[in-house]
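Chains as they are written, first to last, in this note's numbering: chain A, 41 to 316; chain B, 946 to 1488; chain C, 2 to 374.
In short, the hints are calculated from the structure, not lab data. Ideal Cβ positions, reconstructed from N, Cα and C, are used throughout, including at glycine. Check each hint, because a few of them may be wrong.
[Said to hold, decoys possible] Here are a few chain A residues that face chain C, going by a calculated C-beta distance under 8 angstroms:
| no. | residue |
| --- | --- |
| 1 | V65 |
| 2 | L125 |
| 3 | L154 |
| 4 | S249 |
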Amino acid sequence: MNWRSVPFSAWIGIAGLAIAFGCAVFAPFIAPYGESEIVGGVWELPAWSGGTFLLGTDNLGRDLLSRLIYGARTTIFVAAAATLLAFSFGVLLSFTAAVLKGWTDQALSRLNDLMMAIPTLIFALVVLAVLPQQLWILILVMAVLDSTRVFRLGRAVATDIVAMDFVEAARLRGERTSWIIFREILPNALSPLLAEFGLRFAFAILFLSTLSFLGLGIQPPAADWGGMVKDNKDGIIFGVSAALIPGTAIAFLAVCVNLVVDWLLNRTASLKGGRA
Amino acid sequence: MAEDLLRVRDLKIEAEMHTPGETARMLTIVEGVSFDLPKGRVLGLIGESGAGKSTIGLSALGYGRGSVRITGGEVTLGGTQLVGLSQRGLRRLRGAKVCYVAQSAAAAFNPAFRLGDQIVEAALKHGILTRAQAHERAAGLFRTLGLPDPESFGRRYPHQVSGGQLQRAMTVMALLPSPDLIVFDEPTTALDVTTQIDVLVAIKRAIEETHTAAIYVTHDLAVVAQVADDIMVLRHGKTVEYGPVAQVMESPREDYTRRLVSMRHREKPQAPDQSDRLLTVDHVEAGYSAVKVLDGVSLHLPKGQTLAVVGESGSGKSTLARVITGLLPPRHGRITFKGRELPARLDARSKEQLRQIQMIYQMADTAMNPRHTIGDILGRPLTFYFGLRGAKKATRVKELLGAIELPEHFAGRYPAELSGGQKQRVAIARALAAEPEVILCDEPTSALDPLVADGILKLLQKLQAETHVSYLFITHDIATVRAIADSVAVMHRGRLVRFGPKDQVLSPPFDDYTDLLLKSVPEMRIGWLEEVRDARRMAAAGN
Amino acid sequence: MAAVPGSSQNLDGTARLPAGDPLAVPGAPGSLLVSVDPAVPGTAGKRPALGRFAARHPLAAMILQRLGISFLLLIAVSAVLFIGVEALPGDFAQTYLGQSATPQAVENIRRDLGLDQPAATRYFAWLGNALTGDFGTSWASRNSITEQVGRRLGNTLFLAFFAALISVPLAVGLGMISVLYRDRIADRLVNVFSLAAISLPEFFIGYVLIFVFAINFGVVSFPSTVFDGMPFLDRLEAIALPCATLVLVVLAHMLRMTRAAILNVMEAPYIETAELKGLSRARTILRHAAPNALAPIINVVALNLAYLVVGVVVVEVVFVYPGIGQYMVDAVTVRDMPVVQACGLLFAAIYIFLNMAADILAILSNPRLRHPK
């Protein structure tokens, strides 16, 4: 791959992701204050309006910048974990369905259709209303809901590949299902799945933020971006922009992921065209 | 030869190539091509895929697909210079003075409109005919081209009509505005031979009756010999040979043309003794859900010989291969291999049984995993069946590459880096790696250019002589049958029509279908189409 | 765009439609993608009467099939909602009363709520009532859920309707412009804008709009309160900001998908045929591309409407708008299960209905089905 071939927009995306991941990994070293340390008055103005703290303070007088940095950690970790899990479920099940066909495929596909017939947010609201509010449950629920979308794409991609003669050739040779899934199908499905992974990650960030905003995601006092919007939303009426700062962070991260995904998709598309 | 309708001088056509990571560069597709086409004459453009023949055909409409552009030379149609002409000027000519018949009429007709409305559209839009006149002329042309119910044919939708009929309907669409020139872009390539001949007869008749000039693009020299007055042989975007059809066919000047002309005349002598039955198919009936695709098929393959199974699309010949491999268990009947019955289902067969029957596919592109190297592809059966690893495996892969006449360093390449013919050779080597008794060949040469296909056939014969492997060779092409078979099975609509030693099957007396099939295959000589047409007329009159 | 139900299948963001036959009947996500060959609908050879009907009226058969599937789906969804709530750890009555409740009180409540009956009995009772429009009483307020839902559903649909009214023509129009000026400035701008817009969570858009228009400029009021008997124009003014938020949220998705749908059709060989007939570009697009792009565009619109109805949840919370979404979120926070179930079922029903409508419209616009062989 040629580094100069990476378009400018993708560089922005990559740089943005690097910053966000840097914050997530090195949060305790970068953040000027503790995650829930009260350092000043309620909703102190940010530095550009003459305040003492760079981004000001939140509804409890905690440093917004520090919470933003710690929030990156929670938000990215939960979104990434949910997306990875969703891909593990979704890809494995969808490839199995595509290779085995018959009733396995029917059962899995119909179950998936049923899950997809309920809007994701509504499903999440119902489930999170009844389950205990714990981090692993949140991740699991997000992963299961997201895996339905992965299943759908994975099955479509795998069905196309299974229809190829080289998969039939492997079956005629007598290869086992696991060989066919991991050695014949997976290498060919990687590029579309990679792009989809980026997309799903962006959605996981947005979805998690929405859940936290509605009070069902990350529970206080842990910092996460959606929850920070919720904490500070009442300030809006008084003209305090504290809620908009974490909102901007969410948007920034999602835009960066989408910029990279856009580039990946164009790249795979042109590769396909070039080889055909 | 009065004035020239189309004058092409020193044509240069380029396409913009976008490779990720590099600035766009221009790729030359056609270079230095010149020809003249007088009114009422037909020029055949012939060449293998990538020769630029379709691109030249479309340049007569001032059109380039995608990023393809005419970047040099002249294309003059009826005195108008098309190169550099405005879109408006081009639109005035297209559909009025020059029309186009695409390879796949099924895709080229808009599925949302009735055929008749699409056929008259250009003539109405250019103000050549009134709606009533156009529909009347369309009905007349439907009749001329032998389409059913000429009065109501135009009311049908594209999906309600067969492939051969659509191709004729597209010809009607091109003829309707009475253009000076029609470009036929491989109009019969996608059709079965027995359908192809109807379309060829129709096109020939239409050209003769309307005195339009035509460019006929094809890869089949035998087809072009029937319709063209002049032939231009193209290769890699350049002219190889250009002249009147009789000269090119009967005394070709260039070596490339000579090879094209002579290729079809090869014939394998039939093996004398066909009694040693290796594989027997016994009263097999098979199908998908409610549809019966094979009905009571019985045949056998002698050891070390080639059985050609010949038939058109829908004859069940590929299904036969699926039944033999176990992919589609038959409803009735059985498959016997070396005197023992084979389990019907693939997963019930032993590794040893699987090893002894290998398969080669039509599309080498999809038959090999694009993410595996050639070395991996050839090495896997070695590891899987014989447990070979490391240096032993590498040595054997080299031997196999040698057997298919490819250099050793190809082991490190990916399929996408190989040409179509090379890929098919690798597919053969993969089958050989299992050291099988039988190789099922499912149209392995029909997607290849004629000379490349010929090379593959020669290779298969050489390998048979060396290893005594048997081939069950599925094809739709009679010339291929003559070149490779010892015995022949003719299939039609799921039934076995004729089976036996080649000389017997391909000699009279024939049954009706074999007769039709053999007579539909274009022969590499001028005047063949007229003979067939006249013979048919006589037969029709006699009845 | 966190909650991107349905529209978050592989179309969104990058908006690529499956290549290939543009006439193949597309299955909207969330609908049962039954593998029915459009050419031979209802290939049930075993049931001759049904099979004959399907052979004679393929269109009617397919539509009936979609209706049936949607109904089954709705029943299945209701079961999932019910069982999901049923299979929870812990006891409702306990949750309802809190940890300090006496066993006797818990017992009484159980009986009150009917929790002592077998699950199957309660499910069918609940489903039967729900189908006749009775959703029971709320645990929290002891009020009739149906009454609350009735009023709030009206508010939600009012908001969603105006958002759709603005966003659908805008999205389709911009999508077409984007295709007409493909790879030129207009197209690039649309692309950049839509990429940014799909990356914004709806609550962020909402608060930015509030901050700018309600607080800084003071041109609209916040929160967006509506009440019974409110004059129509006041109502419109009240929903201006939430409506704008929803429009921004769905517009980008719809636009990208519309663009992809039309581009897909523009690559078909019959478009080349039209060009080689010497037809003008406008005629080619209007007469040859548009009829074939209709089905995918309808599909895109229906999908996004389905999303709109769900996206409304967050927007209602942001704007404190008394709709059904806000009702549901409030119920979730206090674990008022009958309300959660009722709202969940309603949202799912609307969602399934829109997906079904998309499917049926796509079938109707397929010439192969309208004019069988």
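Going down the list of hints, with the structure as the test:
no.: 1; hint: V65; result: 23 angstroms, violated
no.: 2; hint: L125; result: 17 angstroms, violated
no.: 3; hint: L154; result: 5 angstroms, holds
no.: 4; hint: S249; result: 5 angstroms, holds
Hints 1, 2 from the list above are not met by this structure, while the remaining hints are.
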